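Given the sequences, and given the hints that come with them, work out the whole structure.
Residue numbers (numbering that gives the first Met the number 0), protein chains in the order written: chain H, 0 to 88; chain Z, 0 to 451.
It should be emphasised that the hints constitute simulated quantities derived from the structure, not laboratory data.
Straight-line alpha carbon distances no greater than 30 Å define the calculated DSSO-like cross-link-like pairs of lysine-lysine that follow: (1) H:K62 to Z:K15; (2) Z:K54 to H:K62; (3) Z:K229 to Z:K244; (4) Z:K15 to H:K11; (5) H:K66 to Z:K15; (6) H:K11 to H:K62.
Quick look at which bits of chain H chain Z covers, simulated, 3 or more residues with Cβ under 8 Å: (7) 32-43; (8) 56-66; (9) 78-88.
Since the model is a prediction, treat every value here as computed from it, not as a measurement. Beta carbons are placed, not taken as given, at the ideal position from N, Cα and C, and that holds for glycine.
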Amino acid sequence: MRAVITVIGKDKVGIIAGVSNILAECNVNILDISQTILQDVFTMIMIVDISKCSIPFHDISDKLESKGVEMGLKIQIQHEDIFNSMHRI
Amino acid sequence: MLGPFEVLETIEMIQKENLDIRTITMGISLRDCCHSDIDISCKKIYDKITKYAEKLVVTGENIEREYGIPIINKRISVTPIALVAESCESDEYVKFAEALDKAAQTVGVNFIGGFSSLVHKGYTVGDKRLIQSIPEALSRTKLVCSSVNVASTKAGINMDAVAEMGRVIKKCAELTADNGALACAKLVVFANAVEDNPFMAGAFHGIGEPECVINVGVSGPGVVKCALEKVKGADFGTVSETIKKTAFKITRMGQLVAQEASRRLNVPFGIVDLSLAPTPAIGDSVAYILEEMGLEKCGTHGTTAALALLNDAVKKGGVMASSYVGGLSGAFIPVSEDAGMINAALSGALTLEKLEAMTCVCSVGLDMIVVPGDTSAETISAIIADEAAIGVVNTKTTAVRIIPAPGKKVGDKVEFGGLLGSGPVMKVNPFSSSEFINRGGRIPAPMHSLKN
Numbered sequence: 000m001r002a003v004i005t006v007i008g009k010d011k012v013g014i015i016a017g018v019s020n021i022l023a024e025c026n027v028n029i030l031d032i033s034q035t036i037l038q039d040v041f042t043m044i045m046i047v048d049i050s051k052c053s054i055p056f057h058d059i060s061d062k063l064e065s066k067g068v069e070m071g072l073k074i075q076i077q078h079e080d081i082f083n084s085m086h087r088i
Numbered sequence: 000m001l002g003p004f005e006v007l008e009t010i011e012m013i014q015k016e017n018l019d020i021r022t023i024t025m026g027i028s029l030r031d032c033c034h035s036d037i038d039i040s041c042k043k044i045y046d047k048i049t050k051y052a053e054k055l056v057v058t059g060e061n062i063e064r065e066y067g068i069p070i071i072n073k074r075i076s077v078t079p080i081a082l083v084a085e086s087c088e089s090d091e092y093v094k095f096a097e098a099l100d101k102a103a104q105t106v107g108v109n110f111i112g113g114f115s116s117l118v119h120k121g122y123t124v125g126d127k128r129l130i131q132s133i134p135e136a137l138s139r140t141k142l143v144c145s146s147v148n149v150a151s152t153k154a155g156i157n158m159d160a161v162a163e164m165g166r167v168i169k170k171c172a173e174l175t176a177d178n179g180a181l182a183c184a185k186l187v188v189f190a191n192a193v194e195d196n197p198f199m200a201g202a203f204h205g206i207g208e209p210e211c212v213i214n215v216g217v218s219g220p221g222v223v224k225c226a227l228e229k230v231k232g233a234d235f236g237t238v239s240e241t242i243k244k245t246a247f248k249i250t251r252m253g254q255l256v257a258q259e260a261s262r263r264l265n266v267p268f269g270i271v272d273l274s275l276a277p278t279p280a281i282g283d284s285v286a287y288i289l290e291e292m293g294l295e296k297c298g299t300h301g302t303t304a305a306l307a308l309l310n311d312a313v314k315k316g317g318v319m320a321s322s323y324v325g326g327l328s329g330a331f332i333p334v335s336e337d338a339g340m341i342n343a344a345l346s347g348a349l350t351l352e353k354l355e356a357m358t359c360v361c362s363v364g365l366d367m368i369v370v371p372g373d374t375s376a377e378t379i380s381a382i383i384a385d386e387a388a389i390g391v392v393n394t395k396t397t398a399v400r401i402i403p404a405p406g407k408k409v410g411d412k413v414e415f416g417g418l419l420g421s422g423p424v425m426k427v428n429p430f431s432s433s434e435f436i437n438r439g440g441r442i443p444a445p446m447h448s449l450k451n
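Next up, the structure:
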């Protein structure tokens with residue numbers, strides 16, 4: 000099962016480290032990372048594999064969200080299907 | 000692999016453009032809850048609803064969390080209570096409403112619909128009792144919604160029921176006068192009611208439906224408006240194409256949520272209702288879509304044409320995105336629940352007459368309209384009759400949800416709060432229709448062989 004993590008906000012040192020540390024702790028594998036500056040806003044998109052994740056989905060979602068609050072960013076994890084269903088027929 | 004553009008587009012739609020799932024509605028049949036003893040029947044109803052819908056809210060919340068898509072309402076619709084209640088030897092039908100209300104509160108849903116009756120061709124004893132008990136039922140409960148179908152294309156218009164509903168609405172307003180006549184906001188009078196509509200207050204679980212079913216209603220006027228902003232000045236072919244593409248994406252999301260909810264709850268998936276349902280939030284308005292098409296204010300000349308285009312394009316785009324489409328599918332135009340409509344009504348651009356014309360080309364009808372408190376029952380009935388005639392002749396669903404707010408005059412405003420919003424009191428025609436309404440009987444079904 001795959002999920003998409005999006006990080007949106009002001010660029011700063013340690014964003015990837017902060018997010019990937021949480022993922023490593025929970026045994027979530029990163030499959031792909033892309034980042035871009037969209038209208039002056041730093042945007043990072045991660046595709047991750049959550050099939051071996053050691054904690055329930057809502058816990059990892061909470062952890063990422065509070066990390067986002069700590070770093071002044073919006074961090075969100077969503078099941079991949081929402082994007083697939085909308086953009087792939 | 001997903002591209003960043005696609006991911007960001009979806010996130011933008013949800014976060015900035017108010018894309019959401021308006022409702023997951025579980026339809027539950029109560030046909031096996033009939034009993035001659037009203038208390039036993041009510042207990043059966045309570046037990047069945049709380050058993051079937053036990054996990055509805057938590058499942059909805061989990062889906063919301065995992066997919067990151069807001070699901071605004073979790074609701075229940077049940078078999079029209081008039082059918083279930085008929086075999087009991089009591090006329091205290093308010094008890095049924097109380098049982099529904101209690102069950103809804105136990106499982107934590109936002110509304111429960113189905114305190115309903117279908118009387119388009121005539122009344123049974125149960126129908127009579129149910130309709131008489133509506134004012135008390137809606138004023139004594141919090142979450143119960145009620146609907147009465149008074150007309151159909153095949154049967155014509157039951158004018159006795161139309162006359163009675165005018166009085167019922169007035170009584171509802173009186174009983175909840177302290178509350179902005181809130182009971183009226185929970186009551187819909189239909190022509191050609193559908194059996195699988197997930198939207199309140201008109202939702203009920205029709206008799207052709209299975210034991211239990213999941214229906215989903217989508218929203219997303221904000222997304223359509225934003226898409227149209229990007230094609231400013233383009234011709235109507237482009238406008239229609241843009242709406243179609245957006246509606247497709249919105250509906251795909253609805254389809255995903257519907258399938259997922261159905262799988263997790265182990266209940267069959269019924270339909271996705273392809274509706275643009277507004278909310279009072281700025282940026283989530285159907286009126287603003289119409290204005291984006293080039294109208295200075297919603298309600299001015301051209302509004303009906305704009306709405307017809309919008310409604311048709313939403314259906315064309317949505318129908319391929321979902322395996323089963325149903326309900327009321329189209330653009331909703333409730334006044335109090337749509338920031339742009341409220342604005343248009345306040346500025347005088349939008350009148351009752353224009354709204355009536357608009358209902359010829361879109362779903363539902365005169366919805367969430369506040370009129371002066373001294374509007375007579377006969378005038379309300381006449382408004383219902385007009386709307387029913389539009390539905391019956393054009394073979395479509397129409398409805399009236401009208402609120403004669405006690406003590407309020409044209410220019411005043413009534414606050415309902417939450418999704419129901421706030422409504423400016425609109426002007427009604429001051430001339431009497433009472434002799435017309437007092438005739439009673441049934442307006443025969445129209446003929447459709449010489450369709451014009």
